[in-house]
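Protein chains in written order, with our numbering: chain A, 23 to 397; chain B, 28 to 306.
A hint or two may mislead.
[Unchecked claim] In silico SDA-like cross-links for lysine to any residue, where the CA-CA straight-line distance does not exceed 20 Å:
{"id": "1", "chain 1": "B", "residue 1": "Lys215", "chain 2": "A", "residue 2": "Arg152"}
{"id": "2", "chain 1": "A", "residue 1": "Lys155", "chain 2": "B", "residue 2": "Gly222"}
{"id": "3", "chain 1": "B", "residue 1": "Lys196", "chain 2": "A", "residue 2": "Arg70"}
{"id": "4", "chain 1": "B", "residue 1": "Lys215", "chain 2": "A", "residue 2": "Ser114"}
{"id": "5", "chain 1": "A", "residue 1": "Lys239", "chain 2": "A", "residue 2": "Arg43"}
{"id": "6", "chain 1": "A", "residue 1": "Lys176", "chain 2": "A", "residue 2": "Arg84"}
{"id": "7", "chain 1": "B", "residue 1": "Lys196", "chain 2": "A", "residue 2": "Met113"}
{"id": "8", "chain 1": "A", "residue 1": "Lys138", "chain 2": "A", "residue 2": "Leu202"}
{"id": "9", "chain 1": "B", "residue 1": "Lys101", "chain 2": "B", "residue 2": "Ala287"}
{"id": "10", "chain 1": "B", "residue 1": "Lys215", "chain 2": "A", "residue 2": "Ile389"}
{"id": "11", "chain 1": "B", "residue 1": "Lys196", "chain 2": "A", "residue 2": "Gly62"}
{"id": "12", "chain 1": "B", "residue 1": "Lys215", "chain 2": "A", "residue 2": "Ser158"}
{"id": "13", "chain 1": "B", "residue 1": "Lys196", "chain 2": "A", "residue 2": "Ser185"}
{"id": "14", "chain 1": "A", "residue 1": "Lys290", "chain 2": "A", "residue 2": "Gly350"}
{"id": "15", "chain 1": "A", "residue 1": "Lys239", "chain 2": "A", "residue 2": "Ile389"}
{"id": "16", "chain 1": "A", "residue 1": "Lys155", "chain 2": "B", "residue 2": "Leu218"}
{"id": "17", "chain 1": "A", "residue 1": "Lys333", "chain 2": "A", "residue 2": "Ala320"}
{"id": "18", "chain 1": "A", "residue 1": "Lys239", "chain 2": "A", "residue 2": "Arg257"}
{"id": "19", "chain 1": "B", "residue 1": "Lys196", "chain 2": "A", "residue 2": "Gln105"}
{"id": "20", "chain 1": "A", "residue 1": "Lys176", "chain 2": "A", "residue 2": "Thr201"}
{"id": "21", "chain 1": "B", "residue 1": "Lys196", "chain 2": "A", "residue 2": "Tyr110"}
{"id": "22", "chain 1": "B", "residue 1": "Lys215", "chain 2": "B", "residue 2": "Arg192"}
These are calculated hints, taken from the structure and not from any lab test.
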Amino acid sequence: MTSITLSGVNKSFGANFPVIRGVDLTIDDGEFCVFLGPSGCGKSTLLRMVAGLETAYSGEIRIGDRVVDKVEPADRQVAMVFQNYALYPHMSVYDNMAFGLRQAKTPKDEIERRVKEAARILQIEPLLDRMPKALSGGQRQRVAIGRAIVRQPKVFLFDEPLSNLDAALRVHMRSEIATLHRNFPAASMIYVTHDQTEAMALADKIVLLHAGKDMLKHGSIAQVGKPLDLYHRPRNLFVAGFLGSPTMNFLPATFVGQETGGAHVTLKGGEELVVPVDGSQLAAGAPVTLGVRPEHLAPVPVPAIQTLTRKVSAVEHFGEYSFVYLDGGTPAPLIAKVAGDGGVKAGDSATFVAPADCCHLFDADGIALNHLNSL
Amino acid sequence: MASSPVSRATGRVAVPVLGLIWLAVTTVPFLFMVMTSFKTQQESFSSSVWTLPEAFNLVNYIDVLSGSFLTYLKNSVMVVAISVLLVMLIASMAAYAFARIRFRFNEALFGLIVAGMIVPIHITLVPIYLMTRHMGLYDSPFALIGPYVATSLPISVFILTEFMRQIPKELEEAARLDGCGPFTIYFKIFLPLSGPGLSTVAIYNGIMMWNEFIFAYVLTSSTSTRTLPMAVWDFQGQYASNIPAILTVVTLTSLPLIVAYAFGQEKIVNGMMAGSLKG
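Can you build the whole structure from these sequences, using the hints too?
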């Protein structure tokens, strides 16, 4: 059993600054779970609570069937990979990897076998005699992962392990971590990152944590689910705005009424759209927010149903695609991600269709209205 | 702010000139000491103080080394070695606690210990003398260990605490996950990583203790128990002093320090700078 269960977990730094708020979460056996959120949302704190490096103010944490709230970090059968590697600078790579096993009084030949096996998996066998300062960033990160592997933990914990690496190496190491997960299918993994690309690429399950001005939500779970569920069916404005780059376009709108095809809304520019969501709880005239991702806005030659017509304020070309910035109706410009050069230039008036299935509707509290069609 | 070409040029000239002046200030007394140690007593009176010795006469060295110098040396080595080891052990343990363990009054206690640096040792002489007599340690080299350790602790705790505060917290957390308790973390992680800080403490305190005079003077009285700074007294009469012999003693006494400083000056400077710069 390598599942992790958090029940009603709370944590505060001081009396008035809650960092983790009422977290209920289950991570299944062998699951790769990513804690995602902006800086300061408490994702690392939550990970450190699972590791035993922080104590919860209230609530319960279980690893497998065992409540671990009062269990020392070393006895939780977890291994952690730190953001800055945390290799012991005065020990060789071999000693770094063997240190924990020596502390556990593991027989010498068993230590050697495990260290060499981990080194083989991570392709760091030639580095075993080197000191950490003689290694590159990527090699250090491999050693840090090796140190975790040799302990044969039930749970691997990764605290932003790739954030100190350059972009190319980050992509490479990301695939190695995915391979590691495949090599150790029984172990559960929790991975903390603020990088949504890493989260989308690696996760079986994403836990997105709230942060920001709303202190009543700070440190609580905004949404848990499969990466594409969060992307395509965000449960609230925070999730919708956090995932995706550029972020989702939000347009203020007014609810007109519920029709067969979904909720009928009117935008400030006068355009009318039908979004296939259940708006039956809303009163006519209720303020709502329409959300549509930049890549879902497609240029069309003439205005029609489900279209928006706006003045183009700027175009950014990236070769394969372009970002078209549109003025009007919102504090931030709308962005459309279009193939090639988009065929428009700044100053033009352009029309884009917002396909109904790709539109989202949020009520005045920022909660997403349920889609009528499941994914 | 960019400096003008004139001030840059002045700096290029002034810095080396001031450096040379300072070199002369520090080197001339040293040269005088070494030169005089090779002169006979008569020669030292008859010739100018800056005249080179007529011959490199080793009579003073033979004279000094055949006396009680080696006993003083043995006492000094023993007292300084034991005291420095105790200071390193106690100060590093205290520093680990101050740097890493959160407890009530941590900062207040740290401030109190560091404030010990401003206590002049002279006001502690009488109580320490009485305590030493009371403990039956008077006129024993061991009488010096307690005061030496106590007076060295404030600056040592200060240096090592600043040093240990710079050791990343994650190393300690990694060690906790590897199954280490506070003592193992201290012995296996913090102590080895504090090597440069410990060297600083050892060299700095070693120099201070090696040269220490006042406690050695007050707490010991016999030839068999005194340390090197008291060796000078063997050649200091009431009516006349053997200046070349005294300077030979000083030369021999300062030799180990010069060697230690030559090899360890970088660590001393680094240790003194610990905590003053981020990064």
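Would you mind confirming whether the straight-line C-alpha gap from B/Lys196 to A/Tyr110 stays at or under 20 Å?
holds (12 Å)
Hey, A/Lys239 versus A/Ile389, does the alpha-carbon distance stay inside 20 Å?
Status holds; Cα separation ~13 Å.
20 Å limit on alpha-carbon distance, applied to hinted pair A/Lys176 and A/Arg84
holds (12 Å)
Starting from B/Lys215, check that the Cα of A/Ser158 is at most 20 Å away, please.
violated (25 Å)
Holds or violated: are the alpha carbons of A/Lys155 and B/Leu218 at most 20 Å from each other?
holds (19 Å)
Quickly compare the C-alpha distance for A/Lys239 and A/Arg257 to 20 Å and report which way the hint goes.
holds (14 Å)
B/Lys215 paired with A/Ile389 [C-alpha distance capped at 20 Å]:
Between B/Lys215 and A/Ile389 the Cα gap is close to 52 Å, so the pair fails against 20 Å, i.e. violated.
20 Å Cα cutoff - pair A/Lys155, B/Gly222:
Answer holds: A/Lys155 to B/Gly222 is near 16 Å, not above 20 Å.
Check whether the Cα positions of A/Lys239 and A/Arg43 lie no farther apart than 20 Å.
The hint holds at about 8 Å.
Check the hint pairing A/Lys290 with A/Gly350 against an upper bound of 20 Å on the C-alpha distance.
holds (9 Å)
For a C-alpha distance cap of 20 Å, please report whether B/Lys101 and B/Ala287 respect it.
holds (17 Å)
Hint consistency between A/Lys333 and A/Ala320 [alpha-carbon to alpha-carbon, up to 20 Å]:
holds (15 Å)
This entry does not satisfy hints 10 and 12, going by the numbered hints stated previously.
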